[in-house]
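In UniProt numbering, the protein residues as written are 1 to 297.
If you're looking for bench data, these hints aren't it; they were derived computationally from the structure.
C-beta atoms are modelled at their ideal positions from N, C-alpha and C, and glycine is treated no differently.
Worth double-checking, as some hints may not be accurate.
Said to hold, decoys possible - Label-pair distances were calculated between CB atoms; the ranges are:
id, residue 1, residue 2, range
1, Ala-259, Thr-37, 12 to 22 Å
2, Gly-53, Arg-262, 49 to 59 Å
3, Asp-10, Gly-229, 19 to 29 Å
4, Arg-151, Thr-277, 46 to 56 Å
5, Thr-293, Asn-46, 50 to 60 Å
6, Ala-259, Ala-237, 36 to 46 Å
7, Glu-105, Asp-6, 19 to 29 Å
8, Ala-203, Thr-37, 20 to 30 Å
Stated by the list, open to error - Taking lysine-lysine pairs in the DSS-like style, the calculated list, with each CA pair at most 25 Å apart, reads:
id, residue 1, residue 2
9, Lys-261, Lys-226
10, Lys-257, Lys-226
11, Lys-3, Lys-106
12, Lys-170, Lys-226
13, Lys-28, Lys-170
14, Lys-296, Lys-261
15, Lys-28, Lys-106
16, Lys-28, Lys-3
17, Lys-296, Lys-257
18, Lys-170, Lys-20
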Amino acid sequence: MTKIQDLRGDSRILGPTNAKRNVSQVTKIARHHSATTTGDVWAFQNHWNGTLGWGTGGYHEIILRDGTVQWCYFDNDVTNGISGHNTPTYHICLVGNGSFTAEQEKAFEERAKAAMQRFGLSVNDVLGHNEFSGHASNICPGINMNTVRERLRSGNNLTHDQIILVSPPKTSGNYVGKLEVFNELRLGTFRIAGWLVPQNGAAYLNQGYVFWMDADNPNVEIGRCKSAGIIRDDVNAAYGLPSGLRFGLDGTLDIRKFAGKRVFPMLRRTNDPNGNTINGQTVDIRFPEYVLTIPKR
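Kindly produce the complete structure, drawing on both the sequences and the hints.
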């Protein structure tokens with residue numbers, strides 16, 4: 001797996017001062033090069049802010065020469081990668097000037113596929129800077145994008161865990177939830193983890209639970225687990241919530257007595273201490289698109 005430096009929400013990162021976007025607005029992934037032989041986000045920020053006067057950087061992700069990824073901005077941040085095209089575009093930059101390392105290309109393939117999965121995009125939605133209208137004379141990204149897209153088509157698919165990790169958040173009313181883990185943690189134990197946070201001034205619901213639901217009878221519960229309150233300040237920052245709030249969810253279930261059942265995950269916040277529904281005080285987000293079969297052993 002590619003090494004990732006997650007700098008999203010880090011106070012050292014420039015801004016962001018641009019207006020936010022809804023993630024559903026993202027329709028393109030742009031590949032860039034830095035047009036330098038060296039550099040990283042800290043070097044580039046000096047140019048963006050000191051020379052150009054920007055309050056937000058150019059790229060969501062920067063891939064260094066050794067393949068390390070600096071993940072700088074959240075998906076709902078609008079960065080300054082391509083004039084006139086920034087609101088609907090997710091920007092990834094490789095450090096280099098028309099020449100890139102094998103480690104960088106491997107990282108780009110992984111990160112582009114992860115972004116495609118999150119935004120529901122195809123290989124044809126991955127474009128070079130100079131493929132956007134009004135930018136044909138630009139030499140960026142310094143590579144033939146037909147070659148890049150062919151690599152993306154022929155490369156290996158994401159693993160189950162990677163697909164879950166990069167899956168997009170879902171909205172239910174004034175709550176947003178994200179599934180991050182759904183797997184067999186160890187022999188006989190399934191795990192669900194993610195987060196579920198309020199938006200638009202919605203009331204905080206005090207209890208967090210994860211559920212395993214019957215994929216063949218979707219309203220039937222197989223099991224549930226109460227989650228300890230987990231601080232997720234990366235999520236709090238992304239959704240404009242105070243730091244220290246405990247909206248992270250994580251739970252496990254001994255599934256051995258349910259062998260052969262097909263299950264999908266559900267996240268719940270409620271004010272009921274036992275995890276049951278209370279009218280007007282419960283939010284569920286279901287993920288029936290992700291199904292695991294409990295093995296018979």
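Output the numbers, in ascending order, of every earlier hint that fails for this structure.
1 and 8
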